[in-house]
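S.K.: Chains as they are written, first to last, in the working numbering: chain A, 1 to 315; chain B, 1 to 351.
Hints are not guaranteed to be accurate.
[To be verified] Below, a list of computed lysine-lysine pairs in the DSSO-like style, where the Cα atoms sit at most 27 Å apart:
#1 B:Lys295 with A:Lys140
#2 B:Lys29 with A:Lys110
#3 B:Lys210 with A:Lys134
#4 A:Lys194 with B:Lys29
#5 A:Lys134 with B:Lys29
#6 A:Lys29 with B:Lys16
#7 A:Lys70 with B:Lys295
#8 B:Lys295 with A:Lys29
#9 B:Lys295 with B:Lys29
#10 A:Lys7 with A:Lys140
#11 A:Lys200 with B:Lys29
#12 A:Lys134 with B:Lys204
#13 A:Lys91 with B:Lys29
#14 A:Lys282 with A:Lys7
[Unchecked claim] Covered by chain A, according to a simulated footprint, are these stretches of chain B (three or more residues, beta-carbon under 8 Å):
#15 99-112
#16 236-242
#17 324-332
Hints were generated in silico from the structure; no laboratory data involved. C-beta atoms are modelled at their ideal positions from N, C-alpha and C, and glycine is treated no differently.
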Amino acid sequence: MLSYIDKIKEISIRLLKECRVEMVIGFRKGTVPMMNEPHFAKSPEDVENFVWDSNCGINLCNYLTNRGEKIGILAKGCDSRNIVTHIIENKIKRDQLVIIGVPCKGMIDKRKISAMFEGEIGEVIENENNITVKGDGFEKTLNKKDVLQQNCAICIHRNPVIHDELVGDLVEEQIDVDRYEDVREIEALAPQEKATHFEKLLEPCIRCYACRNACPLCYCPTCFTDESRPQWVGKGQDPTDVSTFHFLRAYHCAGRCTDCGACERSCPVGINMRVFTKKLEKDCLELFEWEAGLDPDVRPPLDTYRPGDPDEFIK
Amino acid sequence: MKIVQINKENWTDGLKKLSEIYRLFGPVKEDDFHNFLELEQGQLPDLNCLNTRLSPKSIIYPQSEVMFEYTLDENQKDHHILKEVKKDYSPQAVIGIRPCDARAFALVRLNFDTPEHQDPYWLKAYEATTLVGLACESPCSSCFCTTAGCGPYHEEELDLLLIDSGDQYWAKIITDKGKAFLKAAGWTQTVDEKTALKEIKAKKQAAEDKICSTVNTDKLREIETNELYNAPFWEEVSFSCINCGTCTYVCPTCWCFDIQDENLGSSGCRMRNWDSCMYPLFTAHGSGHNPRDTKLHRVRQRFMHKLKYYVDKYDTGIQCVGCGRCVRLCPVNIDIRRVCELMNSHAAAKD
C-alpha cells in the first residue's frame with residue numbers, strides 16, 4: 001500500500017491540472033504516531049503533502065456531504081461504499097466526483113498497538129507487511145495483519161466498489177471471514193445480560209459525539225440528540241440518555257452502515273459501538289440479503305417495499 | 001519544614017489514615033487507559049500513569065451536575081420552588097495530579113471566580129479539594145507544558161508536590177492544606193532540605209530537558225484580533241474537523257456549560273452539563289439563526305478563544321497548559337501546536 005503514493009500524487013496532479021476537479025481529498029502526515037489528517041489539495045503544489053499508509057482509517061466520504069464543487073476523492077473499499085450510499089441518498093452527485101480507488105489491505109489499530117506497550121510509543125515505521133514500533137526502551141516489529149482494526153480484519157470489500165481511477169492493482173478479497181462472531185455472542189445473552197453488557201460498554205462514554213461525527217451516514221442537519229423542540233433525549237450523563245443516543249444512532253444506520261470503523265476509531269475512550277451497527281448489518285443481510293453501498297442503482301431495503309419482505313416479526 | 005520524606009513502605013498506611021478524613025481520588029487503570037476515580041477502601045492510586053486519558057477537571061466540575069430540584073405536586077408545601085440540592089463538600093484530595101492539570105484550575109478560576117460572579121459549586125468543590133501533585137519524570141512527546149506557562153515540576157495551584165525518589169517520595173509543602181494532608185497521613189519525617197532541594201533541582205532540570213515539543217506564543221497578544229480572525233489558514237485548519245467535542249471535553253481548561261431542566265412526571269431538576277464550542281447547538285439562537293453556522297467558524301472560535309481572546313482579556317498567557325490531550329485524542333489529528341504556530345507566525349509576519 002505504501003507504493004500507492006506516487007500514483008495518488010500523479011492522478012491528483014493530473015485531475016487538478018486538467019481542471020477536472022476543484023479539490024482532491026486525501027490525507028497528510030499526522031503529527032503523532034499512527035495518525036494522519038484528512039487534507040485537501042486545491043493546487044498541484046498542495047498534492048505534495050499527501051501520504052498513504054496504514055493510518056488512513058478515517059472515512060473520507062464524510063467530507064463530501066452536500067458539497068457543490070467537483071471533487072477528486074481517495075476511496076478505500078469502505079469509503080467507496082459510503083460514497084455509493086451518499087449518491088443513493090442524494091448527498092453528492094456522481095458526476096461531481098472523480099473517485100480515486102485505493103485497494104486496501106486494512107488499517108492498523110492504534111489503540112490495540114498502544115495497549116501492547118507499557119511506555120509511550122515514539123515512532124512507528126511501516127513497510128509493506130510489518131510495522132516497527134519504537135519507544136523509550138523498547139522496539140518491536142509486528143506483522144500488520146495481527147494489528148489491524150477489527151473491522152479491517154473481517155473486511156470482505158477491500159477493493160473500491162466504484163472508481164474512476166485506480167492507484168494500484170486490486171487486492172485479493174478475504175473469503176471465509178466470520179463477520180459476526182461477536183454479534184452472535186451478544187445475541188446468545190439473556191435480555192438482562194445484554195442490558196448489563198451494553199451498560200458496561202457505554203459506561204465510559206463522554207458524549208463527545210466523535211462516533212456520530214466521524215460517520216459519513218450521520219449528516220442530519222440537526223441530529224435527534226440536538227433537537228430541543230421537542231427534546232428527545234437528555235443531555236446529561238444519565239446512562240439511559242447515553243444509551244438512547246447510541247441505540248438510536250445505530251438504528252439510523254441500519255441498512256446503510258458499511259462497517260468502515262470510523263466511529264470506533266474516533267472514540268477517545270475506546271468504546272466499540274460497532275457491535276450495535278454490526279447487529280443491524282447482520283439482520284439486513286439475513287432478512288434482505290443486503291449489503292450496504294455496493295450498487296448506486298439499487299434502493300436500500302429500508303426505503304423500499306417488496307411483497308416478499310420478511311414479516312415474521314409482526315405475527 | 002518545607003519538605004517531608006514519605007517512605008514508600010508507609011504509603012499504604014498513610015493513605016488508609018487519609019481515607020478516614022478525605023475522599024481520595026487518584027489515577028486508576030481501567031481497560032487500556034487511566035482516569036481519575038474515587039479510590040475505594042484500600043485501593044491505591046497508580047502513580048506509574050503517564051497521564052490520565054481525561055483531565056481531572058471533572059472532580060471539581062462534573063460533566064453533569066444537578067444544581068436545583070423542584071416538585072410540581074401541589075400537595076407538597078414547597079411546590080414550584082427551585083430548591084438547592086444538598087451536596088457533599090467534605091474534604092477530598094486528588095493524589096497524583098500532574099502539574100499541568102493543577103495549573104489548569106488557575107486558568108478555569110478566571111471564569112468561575114470573578115469580582116462580579118462567583119460560581120458557588122465550583123468554588124465550594126475547589127475549596128474542599130487538596131491537590132497532591134506528582135512531578136512528571138517522563139513527559140509525553142506531545143506535552144508542551146514548558147512553553148505553555150507550566151512545567152513538569154510546576155507548583156501553581158498545588159498544595160503538595162510529590163517527587164519520586166526511588167524508595168521514597170519527597171513531598172514539597174506548598175500550602176497549609178498540603179501541610180494538613182501530610183499530618184493526617186502521619187507523614188512527618190523531616191529531611192535534610194538542602195540535599196533534597198539539590199536533588200529536586202537536578203531532577204526538575206532533567207524532566208524539563210525531556211520536553212521536546214514547544215509552542216511560540218510571543219506575538220499573539222500584539223496582533224490585531226481581526227488580522228488573525230481573517231487569516232487565510234482557517235479553511236485548511238478546519239477542513240478535517242468533524243466537530244465532535246473530544247478536544248473540549250478532554251481539555252483541563254475548557255469550562256463551558258449548558259443549563260438544562262429535566263422533568264419526570266411531577267418533579268425534576270435543573271442541571272448543568274459540559275458544553276462544547278465545537279457543537280452547532282452551542283450558539284444556536286432561539287430565532288433559528290446561528291452566528292457560528294459553519295465548522296470553520298467553530299474551529300476558529302476554539303483556537304481564537306484559547307490563543308487570542310483569552311490572551312487579550314487576562315494577559316496571563318494562553319488558555320492551555322500544554323497537557324497534549326487534544327493532540328493525542330483528536331480523531332482527525334488537528335494539532336493545537338501546529339495551529340498556534342500558524343497563528344503566531346502570521347502575527348510575526350504582520351510585525
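S.K.: Run the structure past the numbered hints and jot down the numbers of the failing ones, going up.
M.R.: Numbers 1, 6, 9, 10, 13, 14 and 15 - these are the hints that the structure violates, sorted from lowest upward.
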